[in-house]
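J.: Sequence:
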Amino acid sequence: MKPVLAHSWDVTPAQARQIQLELRDRVELEGRERKLHRIAGADAALDLQAGRVIAGVVIYRFPDLVEIERVWAEAPLTFPYIPGLLSFREMPAILAAFEKVHEPPDLIYYDGHGYAHPRRFGIACHLGVALDRPAIGCAKSRLIGRHEEPPAKRGGWTPLEDGEETIGAVLRTRAGVKPVYVSQGHRVRLGRAIELVLAVSDGYRIPRPTRDADHFVESVKRARCASSGQA
DNA sequence: GCGACAG
DNA sequence: ATCTTGTCGC
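Under the numbering used here, think of the first position of the first sequence as 68, with each following residue one higher.
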């Protein structure tokens, strides 16, 4: 699948923030979900030696989560890590990977924040808008916002708030483990996003799609490094 | 000015 | 994210 957006990725941090401000209004916070036949998990890893970003996408049938496809791609590492500007580091590789997908998903889970972002445009929003697909952000730690400790049982959650606004949820996907930060990416209401994260969470803290994508990119990276070490 | 800060 | 030893909990 190809992006419906085509802005430059070769930008300065100041230009990146400006692009976020220009694109933030494209995010749809109300649900506009299509029937869920396929979902996707996506993530990226870094090969600092090669100066490359490796991205992986795993596609599943929903709701039984039978895997039907996995693809990966890489792109040069051209942007530094700056909190709030993660998409400008990882998205070129992610979009390259999605170009190789044969069965476009009806929903994307990304390892990072969506609406729970200083300018309400985290990478899950950027990806959802760019691919014109519903998306959910699933982050392992907080970027902004305040919250109470969620109930210890699976499914327990508390709102993530920035001032008076609820920007996400802190969700326990499994009893007794650290919670996951869920936020809206695109075309999914927060309550629905929580349901959908729980629907794909099993015995681990991180939801299945995100975890599989993480393991996948790590394996690709190991294989890459192994072959380059003998070349 | 100082602290916070996804991956 | 990545690097990286010993250590804590189940």
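If you're looking for bench data, these hints aren't it; they were derived computationally from the structure.
You may find that some hints are simply not true.
Dumping the calculated DSS-like pairs for lysine-lysine here, alpha-carbon to alpha-carbon at most 25 Å [stated by the list, open to error]:
id : residue 1 : residue 2
1  : K220      : K102
2  : K245      : K220
3  : K288      : K167
4  : K220      : K167
5  : K102      : K69
6  : K69       : K220
7  : K167      : K102
8  : K220      : K207
J.: If a hint holds in the structure, say so; if it doesn't, say that too.
T.: Status of the hints after comparison with the structure:
1. K220 with K102: Cα-Cα ~29 Å, so violated.
2. K245 with K220: The hint holds at about 11 Å.
3. K288 with K167: Roughly 18 Å separates the two Cα atoms, so the pair holds.
4. K220 with K167: violated (39 Å)
5. K102 with K69: holds (21 Å)
6. K69 with K220: violated (40 Å)
7. K167 with K102: holds (22 Å)
8. K220 with K207: holds (18 Å)
Comparing the model with each earlier hint shows violations of hints 1, 4 and 6; every other hint is respected.
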